[in-house]
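**Student:** What follows is the residue order along each chain.
Protein chains: 2
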Amino acid sequence: MDDDLPPQVSKDLRPARHGPTIRDVARLAEVSIGTASKALNASGRLREETREKVQRVAREIGYRPNDMAQSLHRTRSMTVGIISTDSFGRFTLPIFQALEEQFADQGIAVFMCNATDDPEREQQHLDQLLGKRIDGMVVTARRADKRPPIVGLPPHIPVVYVFSQADDPDALSLLPDDEGGARLATEHLLAQGRRRIAHIAGPERFEAVNLRHRGYLSALAAAGVTPDPAHYLTGSWAESWGRDAVAQLFDGSATPPDGLFCDNDQIGRGTLDALRERGISVPEQVAVVGFDNWEVMAAAARPPLSSIDMNLSALGREAGERLLAMIDGEQDRGVLRLPCTLVVRESSNPQGNSK
Amino acid sequence: MDDDLPPQVSKDLRPARHGPTIRDVARLAEVSIGTASKALNASGRLREETREKVQRVAREIGYRPNDMAQSLHRTRSMTVGIISTDSFGRFTLPIFQALEEQFADQGIAVFMCNATDDPEREQQHLDQLLGKRIDGMVVTARRADKRPPIVGLPPHIPVVYVFSQADDPDALSLLPDDEGGARLATEHLLAQGRRRIAHIAGPERFEAVNLRHRGYLSALAAAGVTPDPAHYLTGSWAESWGRDAVAQLFDGSATPPDGLFCDNDQIGRGTLDALRERGISVPEQVAVVGFDNWEVMAAAARPPLSSIDMNLSALGREAGERLLAMIDGEQDRGVLRLPCTLVVRESSNPQGNSK
Chain A
1 MDDDLPPQVS
11 KDLRPARHGP
21 TIRDVARLAE
31 VSIGTASKAL
41 NASGRLREET
51 REKVQRVARE
61 IGYRPNDMAQ
71 SLHRTRSMTV
81 GIISTDSFGR
91 FTLPIFQALE
101 EQFADQGIAV
111 FMCNATDDPE
121 REQQHLDQLL
131 GKRIDGMVVT
141 ARRADKRPPI
151 VGLPPHIPVV
161 YVFSQADDPD
171 ALSLLPDDEG
181 GARLATEHLL
191 AQGRRRIAHI
201 AGPERFEAVN
211 LRHRGYLSAL
221 AAAGVTPDPA
231 HYLTGSWAES
241 WGRDAVAQLF
251 DGSATPPDGL
261 FCDNDQIGRG
271 TLDALRERGI
281 SVPEQVAVVG
291 FDNWEVMAAA
301 ARPPLSSIDM
311 NLSALGREAG
321 ERLLAMIDGE
331 QDRGVLRLPC
341 TLVVRESSNP
351 QGNSK
Chain B
1001 MDDDLPPQVS
1011 KDLRPARHGP
1021 TIRDVARLAE
1031 VSIGTASKAL
1041 NASGRLREET
1051 REKVQRVARE
1061 IGYRPNDMAQ
1071 SLHRTRSMTV
1081 GIISTDSFGR
1091 FTLPIFQALE
1101 EQFADQGIAV
1111 FMCNATDDPE
1121 REQQHLDQLL
1131 GKRIDGMVVT
1141 ARRADKRPPI
1151 VGLPPHIPVV
1161 YVFSQADDPD
1171 ALSLLPDDEG
1181 GARLATEHLL
1191 AQGRRRIAHI
1201 AGPERFEAVN
1211 LRHRGYLSAL
1221 AAAGVTPDPA
1231 HYLTGSWAES
1241 WGRDAVAQLF
1251 DGSATPPDGL
1261 FCDNDQIGRG
1271 TLDALRERGI
1281 SVPEQVAVVG
1291 FDNWEVMAAA
1301 ARPPLSSIDM
1311 NLSALGREAG
1321 ERLLAMIDGE
1331 QDRGVLRLPC
1341 TLVVRESSNP
1351 QGNSK
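Chains as they are written, first to last, in this note's numbering: chain A, 1 to 355; chain B, 1001 to 1355.
The set of hints was computed from the structure by calculation and includes no laboratory data.
Watch out, some of these pointers could steer you wrong.
[As the list claims (entries may be wrong)] FRET-style restraints, in silico, Cβ to Cβ:
#1 B:G1062 - A:R45: 48 to 58 Å
#2 A:D170 - B:E1295: 30 to 40 Å
#3 B:G1152 - A:R45: 11 to 21 Å
#4 A:R276 - B:E1295: 18 to 28 Å
#5 A:T341 - B:L1130: 20 to 30 Å
#6 B:G1152 - A:R276: 24 to 34 Å
#7 A:E52 - B:E1204: 29 to 39 Å
#8 B:V1151 - A:R47: 54 to 64 Å
Even for Gly, the Cβ is constructed at its ideal location relative to N, Cα and C.
Using the sequences and the hints, build the whole thing.
**Tutor:** This is the structure we're talking about:
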C-alpha cells in the first residue's frame, strides 16, 4: 500500500486525503473496496446487512468522501476504458473478465479498445475515451514488459496498468510475481527429492524470463544446491522448443536432469512428449513443472502437467479495486506483484491433482 | 441479402427505404459499407480519392440518407454494445477484435459485456447499455446454438447475432457454414485418394456436430462413396477423445479408416498422437483433417494438422458492416452462413502448408 501523494502530482488537482479513506472503511467492515463503495453510494445489488454494516463503520470512523471525489462523483460518466496494447489473448482475457464483472457490479460500463502495439491507434482510442468522459482507465498487454506511460490524460482520470508496466515511477502497475512463481516451482521439485533441476526458459529478452531464472536460482541456493550452468537453456515459447531442449539435456548426457522447470505450458508439454518417446518415465525419473496453468494445454498433457498459475483473475480484481478507490480520490502508485500459486498434477507428483 | 421489411416491424418506426441505399453506394463504389459511411459522414481516416469516389457515386445514383436515419444520426451516441452470453473465449475473440477495429474506424466506441449464460446478468447489462443510449448491439456466444432473442430493446436499436443464433425469424444471425466446412474437409480427403473416411465428432447435442456430419455425408454421396456407419463416432471436444476414437477404429479392425475428419483440432491432435504411437504413418496411411484452425494447437501437432478455418475475423467484419448499415436505417434479417476455408498442412498432404 502506498497512500502517499506522489510528489509530482500538483495538490490543487488531487487533494491529499486527511482522515479515514474508503480503504479504511472497507478494511474495518471486512469487505472489498468495491462493496464499500456500492454500500455508500446506495448502488448495485448488495445484501442489506452488508450495506448497513458498511454505513455503520463509515459513520463510526467519520468517513467523509472528500470534496474532490464528491464533485467527481456528481459528474461521473460511470464508464471506464480498457486499452489493450496488444491483441486480446489468453493472458488478458481473464483479467478483462474479472474487471468487467467488478465494474458491472458498480453500474460502470466498460469500453474496450485494442491498440495492437500501434501508437497512432492508441492515441485515437485515448481521444475517443476522453470524449466519452471516462472515469478511469486500465491498460493491459500481452506481456508484462515496460511500456511508455499513457500521456495526455487529465490528472483527474486515474490509470492502472495490469499485466503491463509503465515506465513511470508515478504509475501504478500490477503484475504477477514471476520470481516468486519460479521459486514455488523449484521448491516443489526440490521437495520431490530432485537435485538436478533444469530451467527450460523462453526468450531471454523477456523480463519475465529473467525474473523467473532469478527465482529458480534463489530456491536452489536456499536448498544449498549448486546449479549446473548447462541446465539453463533459453529458447522460444513453443512446444518444439521443449522437445529440442530435452534432446540437448538428455541425449548422451551422463548426468541428465531429474527435474524440469519450464517457462510455459507449451514448453512443458513438449518436454513431456519428448521424454515419453525416449522411454523416460514422468514423474518417476524426471518431474516436470510448467508455467501459466493453461488448462487446455496442461490438463490434456500426458501425464497432466503441474504448473504455476499467475492468478490473472485475482490480478484483474485487484486492479479493479484499486481503480475504484482512485476514482474515489485515493492516491496509489508503484509496482505491485501479486503471488502465483502452484497447481500440482501428475507430471511432478504420482498422486497429482492436489491443487 | 434481404432488404425486405420484416412484416412484423411496424412501419412508422422503421420506414421502408425507397431509392438507393448505402449498400448500393458501397457496391457501386467498390468499397465496404463502413468505408462508404465514413466517406459520406466525413469522419475517420480515409484516402482522399476513396472519399471522392464514394461521394461521386452517391451523387450519381441520387443517394439520400433517409430522414429517419439522419435524425438517428444526429442523436447518435457513437457507442455500440457487445454482449457475450458466454465467457469470452478463443471463438469470440477474433470476432470481437474485428468488430472493435471496424467500429473504431467509424469513431464508434464499444461497450463489452459478459453475461456468462446468466439471464439476470444479461438483463442488467441491457439496462445499462440502454442507459448509455447505444446505437446498436452485437450478441455473441461460445457456440452457435439457438438462444432466446434479446427482448425489451426499443425498435430503433438494431441487433446482430454473430456466432450465436436467435430463436426469432426477424433476427439477423451470422454463423460459419459448418456443413460447407465439413464438405470441404471430406472432399479434400477424397481428393487425396481416401475412401474409408471416418468422422470423429464432438457431442451430438451441438447443432454444429449435426451440420458437419451432414456435410461429410453429402461429400461422400457426391463422390459415390458409401459411408460405413461404424465410421461415425460422437464423443467430446477433448484430445483424449481423439485417442479413444483411434483405439475404437483401429485396434483389431480389418478395414480401418484411411482418412479422419475430426470436429475440432484437439480431437485431431489426439488422433495424431494415437496414430503415431501405433506406428501408423500420417498422412501416408491415414490422412487427418481437424476443425477450427486453432493455430497453437494445429501448427504444433506432429505432423502439423490440416484444419478447417471458420474465418471468424471475416464473420466479425461482416457483422460490423451489417450493424452499421442497420444503424443507417437498413433492414436485415435471417440466418447467414459464411464460408469456411481449408488450411492444408502435412497431416493430410505430404507437401502440406499450401494454404
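**Student:** The structure should be examined with respect to each hint, and the outcome stated for every one.
**Tutor:** We went through each hint and held it up to the structure:
no., hint, verdict
1, B:G1062 - A:R45: 48 to 58 Å, "holds, 53 Å"
2, A:D170 - B:E1295: 30 to 40 Å, "holds, 39 Å"
3, B:G1152 - A:R45: 11 to 21 Å, "holds, 19 Å"
4, A:R276 - B:E1295: 18 to 28 Å, "holds, 24 Å"
5, A:T341 - B:L1130: 20 to 30 Å, "violated, 40 Å"
6, B:G1152 - A:R276: 24 to 34 Å, "violated, 55 Å"
7, A:E52 - B:E1204: 29 to 39 Å, "violated, 51 Å"
8, B:V1151 - A:R47: 54 to 64 Å, "violated, 29 Å"
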